[in-house]
Structures are given as C-alpha cells and as structure tokens.
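Make a model of the complete structure from these sequences and hints.
First residue of the sequence shown: 1, per the numbering used here; consecutive thereafter.
It should be emphasised that the hints constitute simulated quantities derived from the structure, not laboratory data.
Just so you know, not all the hints are guaranteed correct.
[Unchecked claim] In the DSBU-like style, the derived pairs of lysine-lysine whose C-alpha atoms are separated by at most 35 Å in a straight line are: (1) 18 to 139; (2) 212 to 18; (3) 212 to 139; (4) 42 to 18; (5) 42 to 22; (6) 139 to 42; (7) 22 to 212; (8) 139 to 22; (9) 42 to 212.
[As the list claims (entries may be wrong)] Now the in silico label distances, taken between C-beta atoms and shown as ranges: (10) 262 to 99: 33 to 39 Å; (11) 135 to 180: 45 to 51 Å; (12) 368 to 131: 35 to 41 Å; (13) 20 to 212: 20 to 26 Å; (14) 212 to 63: 29 to 35 Å; (15) 101 to 220: 18 to 24 Å; (16) 213 to 167: 42 to 48 Å; (17) 352 to 173: 45 to 51 Å; (18) 101 to 170: 28 to 34 Å; (19) 22 to 163: 46 to 52 Å; (20) 20 to 151: 30 to 36 Å; (21) 330 to 224: 31 to 37 Å.
Just so it is clear, CB atoms sit at the ideal spot from N, CA and C, and this is done for glycine as well.
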Amino acid sequence: MEKQGTDNAVRSNVHKLKFQVKDTLLAARYGFNARNIWVFWKGIVTAWVVWAFFVYAGFLAAGDSVAHRFSAAMLCPLPDSLFMANTPSVILLVLGSLLAFFIYMLTALKVSRLTFEQLRGDQFFSEADGRRFCRSNWKPVVSVPLLIATGIAFGILAIFVMGLIGRIPSLGPVVVGLLAIPAWILGLFIVLALVVLLLAVFLVPVITATTKGDTFECLFEVFSTVTSQPLRLFRGVVSGLFIRVLALAVFSLFAWGSVTLVSSVLNSTSGVVGFGDTMESGFSRIAPEVVPFYSSIFSPVSSTEHSDLSWGGVAGLLVSLAGAAVFITLCAYWLSSSTAQWTILYLGARHHRDREDLLLRAEEEEYREFNRLYNSTEDGGKKSK
1 MEKQGTDNAV
11 RSNVHKLKFQ
21 VKDTLLAARY
31 GFNARNIWVF
41 WKGIVTAWVV
51 WAFFVYAGFL
61 AAGDSVAHRF
71 SAAMLCPLPD
81 SLFMANTPSV
91 ILLVLGSLLA
101 FFIYMLTALK
111 VSRLTFEQLR
121 GDQFFSEADG
131 RRFCRSNWKP
141 VVSVPLLIAT
151 GIAFGILAIF
161 VMGLIGRIPS
171 LGPVVVGLLA
181 IPAWILGLFI
191 VLALVVLLLA
201 VFLVPVITAT
211 TKGDTFECLF
221 EVFSTVTSQP
231 LRLFRGVVSG
241 LFIRVLALAV
251 FSLFAWGSVT
261 LVSSVLNSTS
271 GVVGFGDTME
281 SGFSRIAPEV
291 VPFYSSIFSP
301 VSSTEHSDLS
311 WGGVAGLLVS
321 LAGAAVFITL
331 CAYWLSSSTA
341 QWTILYLGAR
351 HHRDREDLLL
361 RAEEEEYREF
371 NRLYNSTEDG
381 GKKSK
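Listed below in structure tokens is the structure:
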C-alpha cells in the first residue's frame, strides 16, 4: 500500500503526456517560454560572434584587410575565393564553424533539460540549474556526432582503398568483384549513418537531457530510435512543424505590430521619420553580404528599393542592431520550439518502444535521492544522541 501511494503521489506531479504523436502539438506552447528563448538568444549571438571572429582571423591569415572587409561585410563576413585558396584560412573557418555548432548543441542541451523539467511540472528549475546540468553532461553532445562522423569517414576510406586495389593489373578487378556485395552492404550502413548524423543534431541533446546517459548509451539510443520508429519520427516532425510555423507566423505578426506602433508614435513625436524601416531592415544592414538588399525581417523573401532614411550614423546603427535583436528573438523562438518538439517526440518514442516513462523515472530517482539524504541525516542524528 505504501509503495502504491508513493507511485500515485509521484505520478500526480508529472505532466500527463499521452505519449502520442499529437503531443508534439504542445511544442509551440512549451517553446514560447521567455527563459528558453533567452537562453537560445544568447546561444545564437555567442555562436555568431565566435564564427565571425574565426572568419575575420581567416581573412587576416589570407593577407586581406580586416578593416576593409568589416566595412563591407559588417558582422557577417562571407569567405571569398581568396579566402578559400588559403589553407590556414580554411582551417580557421572549419574550427569556427565547429565551435559555433557545438555552442548550438550545448544550448539545445540546456533548453531541452529546461523543457524536460517544465514537463515534470518543475517551474523553478532555473537557467543556473541548466548550466550545472550542462557542465556535468556535455560529453555525449560533443562525442556522439564525432563518433558517427568518424565511422562514416572510415567507411568511405574502406571503399576508397577498395578502389585502389582495383587498380592492380589483372588481380585488382577480380578482388573488387568479390567484394562488391560487402561494399554494397557497407554503403547501406554509410547512408544510414548519414541519416542518423543529421537527426543526431536534434536527438543527441534531447536524449542526454532526458536520460543523463553517457556517450555509448546516447549513441545506442540515437540509432535505436531512428531505426525502430522512423514513421513515428516522420509523423511527429510533420505535425509539430505545422503548429510551429503557425505559431511563428502569429509571433511575427505581433512583433511587426509592435514595431509599427512604436514607429508611428516616434515618427509623430520626434520629427525623425524612418524608424520602423530602419529597424525592420536591421539584419540586412549589419549583414549586407548575406542580405544584399533592403529586406524586412518580417518578410525576408521580399525586397524593395533602398529608400533614403533619416536614421543614420550611430543612431541608425543602434536601431539596426535593435531590429537584428528582434530577428534573433524570432529565430530563438523557432529553435526553442524545435527543441521542445524533439524532447516531447523522444519521450513518446521511448515510451512506445520500451514502455518506460522517463518523466516518472526522473521523479522516482529524485524521490529516492531525497529519502536517502533525509534518512542518512536522521540516522546520523540518532547516532549522535
């Protein structure tokens, strides 16, 4: 009776997910969390700054003028042919891209853990708690993609060696013919690993956040989830994507309405027009090589002729940066809702495959840890008496 009462008490604190594909419709709501959006906002900016620093270092290594490049590209420089022809520059570009990628992965790990705690009903799990969790569980996020990529590289290398063997006169083609079927099977594994590597970008942070597993457990979970429930993953991604696109459109509409309202009031009171246009075109102004035309952050696929605006100089730069910050906020919401979607999707896939409720398991582990600490304190007090 005591055990049953404990289980009921634990279950009462857990969000009642139905572990169905339609649970992913909750992603839009759980992604719309100021704390999670703020975490991703900082992650995007940090990854952006790191990447830009390494690219500018690459231009410097290629003998280009950083000052001239900055005046043309501002905060988002794009490598050119001179850059790509220089080996040190390419190495710096790869290092910067990898660092930016792993910053994203660690940010996704933190937000996934925050979402997991939200699903458990713990609204007091703070960003600082998320940072501590990342410091203790970051290794799978880095090592699992590297292991999969290394396996793919070795598989391609094996086929490459097979091709070299085929160059041997007379004997070589015969050996290649004998190895044709094994090479085909190896190719199947390589294609599967490529698919898993793509999905690992979304699944590895989620699996680590919900299971606290090590590298090999996470690697097994990624392959097992992809191979055992591909249709469930596809349906979950499609259904979650639909509601997230709709939610992003509504969020963008409200953001545009706010900019329009503020611009109307400022234009009439300050006597300086063009605030809204300057803000909406902020990203194209600080990243002119990426968006080489006047484009609104609320309608990036459309462009108009650049108009003469009164907001220039330092004031115009600050307003443009504010517009870019709004654009990053929209991107942060998209990534936050994506992480929530994959968190919910994996919880459902794990329950469907193993009949294991990871939310309930976390509650039970926390309950046992509390009892262990409480009982040990109580025993120590009795012994001291």
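Status of the hints after comparison with the structure:
1. 18 to 139: Between residue 18 and residue 139 the Cα gap is close to 31 Å, so the pair holds against 35 Å.
2. 212 to 18: Since the Cα atoms of residue 212 and residue 18 sit roughly 23 Å apart, the hinted pair holds (cutoff 35 Å).
3. 212 to 139: Answer holds: residue 212 to residue 139 is near 11 Å, not above 35 Å.
4. 42 to 18: 33 Å, holds
5. 42 to 22: 30 Å, holds
6. 139 to 42: Holds: residue 139 and residue 42 sit about 21 Å apart, inside 35 Å.
7. 22 to 212: Given pair residue 22, residue 212 holds - Cα atoms ~26 Å apart, limit 35 Å.
8. 139 to 22: 32 Å, holds
9. 42 to 212: Within the cut-off at roughly 24 Å; holds.
10. 262 to 99: 33 to 39 Å: 36 Å, holds
11. 135 to 180: 45 to 51 Å: 49 Å, holds
12. 368 to 131: 35 to 41 Å: 25 Å, violated
13. 20 to 212: 20 to 26 Å: 25 Å, holds
14. 212 to 63: 29 to 35 Å: The hint (29 to 35 Å, Cβ to Cβ) is violated, given that residue 212 and residue 63 are roughly 48 Å apart.
15. 101 to 220: 18 to 24 Å: 23 Å, holds
16. 213 to 167: 42 to 48 Å: 45 Å, holds
17. 352 to 173: 45 to 51 Å: Since residue 352 and residue 173 have Cβ atoms about 48 Å apart, the given range 45 to 51 Å holds.
18. 101 to 170: 28 to 34 Å: Violated, at about 47 Å.
19. 22 to 163: 46 to 52 Å: 49 Å, holds
20. 20 to 151: 30 to 36 Å: 33 Å, holds
21. 330 to 224: 31 to 37 Å: Holds: the Cβ-Cβ distance is about 35 Å, inside 31 to 37 Å.
The structure fails hints 12, 14, 18 (numbered hints given earlier, in ascending order).
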